[in-house]
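A.B. asks: Top to bottom, those sequences are chains A and B. Using numbering that gives the first Met the number 0, the letters of the first sequence correspond one by one to residues 0 to 327. Using numbering that gives the first Met the number 0, the letters of the second sequence correspond one by one to residues 0 to 249.
Please keep in mind that the hints were generated in silico from the structure rather than gathered at the bench. Heads up, a few of these hints could be off.
[As the list claims (entries may be wrong)] Straight-line alpha carbon distances no greater than 30 Å define the calculated DSS-like cross-link-like pairs of lysine-lysine that follow:
#1 A:Lys86 / B:Lys197
#2 B:Lys31 / B:Lys195
#3 B:Lys247 / A:Lys140
#4 A:Lys16 / A:Lys324
#5 A:Lys189 / A:Lys168
#6 A:Lys140 / B:Lys215
#7 A:Lys111 / B:Lys86
#8 B:Lys247 / A:Lys198
#9 A:Lys133 / B:Lys86
#10 B:Lys106 / A:Lys189
[What the hints assert, rightly or not] Cβ-to-Cβ under 7 Å is the rule here; a few derived chain A residues that face chain B:
#11 Lys102
#12 Asp103
#13 Ser122
#14 Gly136
#15 Thr144
#16 Leu145
#17 Asn219
#18 Phe220
#19 Leu264
#20 Thr285
#21 Ile305
#22 Ala323
#23 Gly326
[Unchecked claim] Per the computed footprint, the stretches of chain A lying under chain B, defined by three or more beta-carbons under 8 Å from a beta-carbon of chain B, are:
#24 24-37
#25 60-70
#26 74-86
For every residue, glycine included, the Cβ atom is placed at its ideal position computed from N, Cα and C.
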Amino acid sequence: MANVLVFAETRSGDLRKVALEAVTAGRALADKDGGEVHAVMLGAPGIASKAEQLGRHGADVVLVVEHQALANHSAEVAAATVAARAKAGAYAAVVFSASAQGKDLAPRVAAKLGVPMAADVLSFERTGTGINAKHAGYASKVVQTLTLSAQPAILSVRPGAVAPAATPKSGRVESLAPAMDPGTARVVVKEMVQGRSGKPDLGEAPVVVSGGRGLRAAENFRLVEELADAFGNAAVGCTRAVADDGWRPQSDQIGQTGRTVSPQLYVAVGISGAIQHLAGMRTAKTIVAINRDKEAPIFKVADYGIVGDALEIVPALTAAVREAKKGH
Amino acid sequence: MKIAVCIKRVPDMESRFRISSDGKVVDETGLKFDMSDFDGYAVEVALQITEKLGQGEVVVVSLGPDAVQEALRKALSMGAARAIHLKADRVPSDGFAIARALASELKSGGFDLIMFGKHAMDTMSGVVGPMTAELLGLPNVSAVSKLDVVQGRGTARRELEGAAEIVEFPLPAVVSIDEGIARPRYPSLKGIMAAKKKPLESKPAQLDAPRLEVTKTELPPDRQGGRIIGEGAAAVPELVRLLQTEAKVL
Numbered sequence: 000m001a002n003v004l005v006f007a008e009t010r011s012g013d014l015r016k017v018a019l020e021a022v023t024a025g026r027a028l029a030d031k032d033g034g035e036v037h038a039v040m041l042g043a044p045g046i047a048s049k050a051e052q053l054g055r056h057g058a059d060v061v062l063v064v065e066h067q068a069l070a071n072h073s074a075e076v077a078a079a080t081v082a083a084r085a086k087a088g089a090y091a092a093v094v095f096s097a098s099a100q101g102k103d104l105a106p107r108v109a110a111k112l113g114v115p116m117a118a119d120v121l122s123f124e125r126t127g128t129g130i131n132a133k134h135a136g137y138a139s140k141v142v143q144t145l146t147l148s149a150q151p152a153i154l155s156v157r158p159g160a161v162a163p164a165a166t167p168k169s170g171r172v173e174s175l176a177p178a179m180d181p182g183t184a185r186v187v188v189k190e191m192v193q194g195r196s197g198k199p200d201l202g203e204a205p206v207v208v209s210g211g212r213g214l215r216a217a218e219n220f221r222l223v224e225e226l227a228d229a230f231g232n233a234a235v236g237c238t239r240a241v242a243d244d245g246w247r248p249q250s251d252q253i254g255q256t257g258r259t260v261s262p263q264l265y266v267a268v269g270i271s272g273a274i275q276h277l278a279g280m281r282t283a284k285t286i287v288a289i290n291r292d293k294e295a296p297i298f299k300v301a302d303y304g305i306v307g308d309a310l311e312i313v314p315a316l317t318a319a320v321r322e323a324k325k326g327h
Numbered sequence: 000m001k002i003a004v005c006i007k008r009v010p011d012m013e014s015r016f017r018i019s020s021d022g023k024v025v026d027e028t029g030l031k032f033d034m035s036d037f038d039g040y041a042v043e044v045a046l047q048i049t050e051k052l053g054q055g056e057v058v059v060v061s062l063g064p065d066a067v068q069e070a071l072r073k074a075l076s077m078g079a080a081r082a083i084h085l086k087a088d089r090v091p092s093d094g095f096a097i098a099r100a101l102a103s104e105l106k107s108g109g110f111d112l113i114m115f116g117k118h119a120m121d122t123m124s125g126v127v128g129p130m131t132a133e134l135l136g137l138p139n140v141s142a143v144s145k146l147d148v149v150q151g152r153g154t155a156r157r158e159l160e161g162a163a164e165i166v167e168f169p170l171p172a173v174v175s176i177d178e179g180i181a182r183p184r185y186p187s188l189k190g191i192m193a194a195k196k197k198p199l200e201s202k203p204a205q206l207d208a209p210r211l212e213v214t215k216t217e218l219p220p221d222r223q224g225g226r227i228i229g230e231g232a233a234a235v236p237e238l239v240r241l242l243q244t245e246a247k248v249l
C-alpha cells in the first residue's frame with residue numbers, strides 16, 4: 000500500500016483546473032502499486048460541494064478543510080495542514096501543481112517534512128528506490144531527470160503537462176481540521192486583484208496566441224486578440240520586448256523571465272524566437288509560427304510556419320478558424 | 000533595516016549547452032557566467048529599500064565554488080555592503096540541502112528581510128527561498144512584483160495566474176522576487192572600485208548529503224521544425240487543414 004496525497008488548489012470558492020491535473024497525476028502514481036489517492040482541499044464553508052469533481056478524476060478520499068478565514072488561499076495554513084496529514088498518513092508521495100500557489104506551497108511542505116522536492120516536473124515514474132521526474136532546465140533548453148530518494152517524494156507538476164482524465168473513484172468526503180488556527184496566519188491576503196475577466200488564463204488555456212514586435216504597433220495586437228477569440232478557448236501572450244515597450248502588461252509575458260506555458264497549440268505571431276521567449280513555450284504540443292523573416296529561429300521549433308506579414312496573414316487565419324469552428 | 004539577498008551564479012542562457020560525457024549534467028566548462036536574472040532584481044529591490052529608508056545594510060550571500068565570488072563582487076559593486084561566500088565544491092541539485100546551509104548561516108544574522116529571486120535560471124525550480132523561510136520559521140511571500148516596507152511590516156503584490164494578491168506580513172520575513180519589479184542598476188566605475196575593498200567573508204557551507212540528484216540530462220526531442228508550409232495569406236487554408244487533420248487541435 001503506497002498512498003498518494005494530492006493538494007487540490009481552489010480559488011474564489013471553486014476548484015482550479017490544475018487541481019484536476021494534480022489528482023490525475025497522483026492517480027497514475029498510486030495505480031502503480033494499488034495505493035489510494037487522498038486529495039486535500041481548503042476553502043470557505045461550502046467548498047466541500049466541489050469534492051465530487053476530485054472523485055471523478057481519481058480521488059478515493061477528499062479531505063476537506065472548511066473555514067471562514069480560508070476564503071482566500073493561506074499558504075501558511077495549507078502548508079501546516081498538508082504537512083501534518085502527510086506525516087500522519089505515511090504517504091509515498093505528495094503531489095502539487097506547479098501553479099503560482101503550488102510553487103509557493105510545495106517547498107514549504109517539503110521543508111516541514113525535512114525532504115527535498117522535484118519542482119515543475121513534466122512527467123514522473125516510480126523506480127525501485129524512489130521517483131524519477133523529468134524537468135526542464137537551463138531556460139528550457141535541456142530536459143533533466145531528477146532522482147528523488149527521500150520519502151515522501153514531493154512533486155509539483157507543470158500546469159498543462161498532465162491532461163485531467165476521468166478515472167472515477169468514490170471521492171469519499173472526510174472533513175479535516177486545519178493544523179493551525181487560520182486566524183493566526185502571519186501573511187494575510189488583503190485583496191484579490193482579478194485579471195481581465197472572461198478570458199482563459201495563459202497557464203490553463205489549451206490554445207495560446209502570442210504576439211511580438213513583428214506586429215509593428217501596440218494597436219495591431221487587436222488582430223491577435225481577434226484570432227484568440229476565434230479559437231474561443233485561447234489566451235493571449237506576448238514577448239518580453241513587447242511587454243517592456245508597454246504594449247502589453249508584464250503579466251502576459253511568456254519566456255524565461257515571464258510565464259511558462261504548455262498549451263495544445265501555440266501560435267507565435269511576429270515573434271522571432273529569441274531564447275528568452277522559447278524558454279517559456281517550447282514544451283507546447285503544436286507550434287505555429289507566422290513571421291516575415293524565413294530565417295527567424297522560431298521556425299526551427301515550429302511545427303508549421305507561414306512566411307509573410309502578420310498583418311495580412313492573421314486576419315485571414317482568424318476568418319478561417321471561425322469558419323472551421325462553425326463546422327463543429 | 001538589515002537585508003540579506005541570496006544570489007546564484009549561473010551560465011549565460013544564450014549559450015549553446017553541451018551535455019557532459021557521462022550524459023548526466025550540462026557541461027559548464029568554458030561558458031560565460033553571471034548573477035541569475037531574478038537575483039539581480041532582488042539585489043536592486045533591497046538597495047532601493049535601504050536607500051528609501053536612508054539607513055540599513057544589504058548583505059549578499061552565495062553558495063558554491065570560489066567562482067561565485069564574481070557574482071558577489073558584482074552585487075557589492077551595485078551597492079551591497081558586504082558579502083558571505085558559503086564555499087562548496089559545486090552547487091548541489093538538492094535545493095533542500097542548500098536551504099539548510101543558508102538557514103544555518105542566516106539564522107543568527109539578525110536580518111529583517113531575506114530575499115531571493117523567484118528561481119535560478121539553470122534549475123528553474125524556485126524551492127530554496129520558501130524552504131529557507133520554513134527552516135527559519137519566518138513568514139514567506141513568493142512571486143513578489145511589488146514590495147513596500149514600513150515600520151516593521153511589509154506589503155507585497157503576488158502574481159498569480161490571471162490575478163494577483165495583495166498581502167501584508169510582519170518582519171522579519173522571506174520574499175522571492177518576480178519579474179517586472181525593478182531593473183537592476185549597472186555597477187558604476189566608482190561602485191566597482193569600492194567593491195574591491197568591501198568585506199567578503201568565505202567559509203565552508205554546511206551541506207548535508209544530497210537526496211535529489213540530476214541523473215540524466217538530454218536535449219529536448221527534436222521537433223519536425225522548419226516546416227514552412229507557404230508564404231502569405233495563401234498558405235492559411237493549408238495551415239487550417241493541417242491543424243484539423245494532422246495536429247488535431249482545431
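A.B. asks: Measuring from the C-beta of A:Ala323 to each C-beta in chain B, is the shortest one below 7 Å?
C.D. replies: Cβ of A:Ala323 sits 6 Å from chain B, so the hint holds.
A.B. asks: For A:Lys16 and A:Lys324, compute the direct alpha-carbon distance and say whether it is at most 30 Å.
C.D. replies: 24 Å, holds
A.B. asks: With chain B as the partner, please determine if A:Ile305 meets the hint condition of a C-beta pair closer than 7 Å.
C.D. replies: 5 Å, holds
A.B. asks: Given A:Phe220 as an interface hint, is its Cβ closer than 7 Å to any Cβ of chain B?
C.D. replies: Check failed: Cβ of A:Phe220 comes no nearer than 18 Å to chain B, outside 7 Å.
A.B. asks: Given the hint that B:Lys247 pairs with A:Lys140, does the C-alpha gap stay at or below 30 Å?
C.D. replies: 26 Å, holds
A.B. asks: Is the listed coverage of the region 24-37 of chain A by chain B valid when you require three or more residues with a beta carbon under 8 Å from a beta carbon of that chain?
C.D. replies: violated (count 0)
A.B. asks: With a cut-off of 30 Å on the C-alpha distance, tell me whether A:Lys86 and B:Lys197 pass.
C.D. replies: Violated. A:Lys86 to B:Lys197 sits at ~46 Å, over the 30 Å cutoff.
A.B. asks: Classify the hint on A:Asn219 as holds or violated, based on whether any CB of chain B lies nearer than 7 Å to its CB.
C.D. replies: At 16 Å from the nearest chain B Cβ, A:Asn219 fails the 7 Å test, so the hint is violated.
A.B. asks: Run the distance test for A:Lys111 versus B:Lys86: straight-line Cα separation, threshold 30 Å.
C.D. replies: 26 Å, holds
A.B. asks: Against the 30 Å threshold, does the CA-CA distance of B:Lys247 and A:Lys198 hold or violate the hint?
C.D. replies: Holds: B:Lys247 and A:Lys198 sit about 23 Å apart, inside 30 Å.
A.B. asks: Any CB of chain B closer than 7 Å to the CB of A:Leu145?
C.D. replies: With a minimum Cβ separation of about 6 Å from chain B (threshold 7 Å), the hint on A:Leu145 holds.
A.B. asks: Checking hints one by one. Is A:Gly326 an interface residue toward chain B, by the C-beta closer than 7 Å rule?
C.D. replies: It is violated, given that the least Cβ distance between A:Gly326 and chain B is near 9 Å, above 7 Å.
In this structure, the earlier hints numbered 1, 5, 13, 17, 18, 23, 24, 25 are contradicted, and the remaining ones agree with it.
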